[in-house]
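Based on the sequences and whatever the hints tell you, model everything.
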Amino acid sequence: SFEVIPSDVEESFPVGETPSEGVRRLSLEKAREVSDRNPGYWTLGADTVVVIDGQILGKPADKTEARAMLTRLNGRIHEVFTGFSLLNSECPHNTVTDFSRSEVLIRELSQNEIEEYVDSGEPMDKAGAYAIQGLGAALVQSVNGSYTNVVGLPLCEVARELKRLNVYDFLKAPKR
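Heads up: the sequence shown is residues 38 to 213, going by my numbering.
Hints may be right or wrong, so weigh each one.
Ranges of calculated distance between the beta carbons of each label pair, as one might list FRET restraints [as the list claims (entries may be wrong)]:
#1 101 / 40: 32 to 40 Å
#2 170 / 78: 25 to 33 Å
#3 206 / 101: 40 to 48 Å
#4 105 / 131: 36 to 44 Å
No lab work stands behind these hints, which were simulated from the structure alone. Ideal placement from N, C-alpha and C gives every residue a C-beta, glycine not left out.
Next comes the structure, spelled out in structure tokens:
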């Protein structure tokens, strides 16, 4: 069993920090902040960003920014980086911090399709202004790499590390 506990870490990228460095750093800061409030438990932190033309696209502040992001991604390939960190304050030597990278092609969209998607509200709390696991799936033509990374948590990589740390083995999980 697990509990979702949001962190209070500000999501920002200093000038010169690469996407892979930034998502790893933020995932670790988030995990540490939550772990400090919950000592003795394994904590998973994650952070996802969309990158196009070397620019990081976070979560849109409003509909205008969401529209601009989707217009920029329209008909183009971009990258999605998700950093993840696993830690337990009682086992600091077992801390894991890593990232996953995927390439995503957004199909050619009409301005009307972009407007309808923005009006759905779904883009508002999503990096790059789309959710591949929701209505945004209809915008994505292809993914090269981990689909779950694009969703926001590279499950294969996280599961591998949980098993390596002897925290949890999905293949030996109790049947429901």
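Quick rundown of the hints versus the structure:
1. 101 / 40: 32 to 40 Å: 35 Å Cβ-Cβ, so the 32 to 40 Å window holds.
2. 170 / 78: 25 to 33 Å: Because 26 Å falls inside the window, the suggested range holds.
3. 206 / 101: 40 to 48 Å: About 46 Å separates the Cβ atoms of residue 206 and residue 101, which means 40 to 48 Å holds.
4. 105 / 131: 36 to 44 Å: 42 Å, holds
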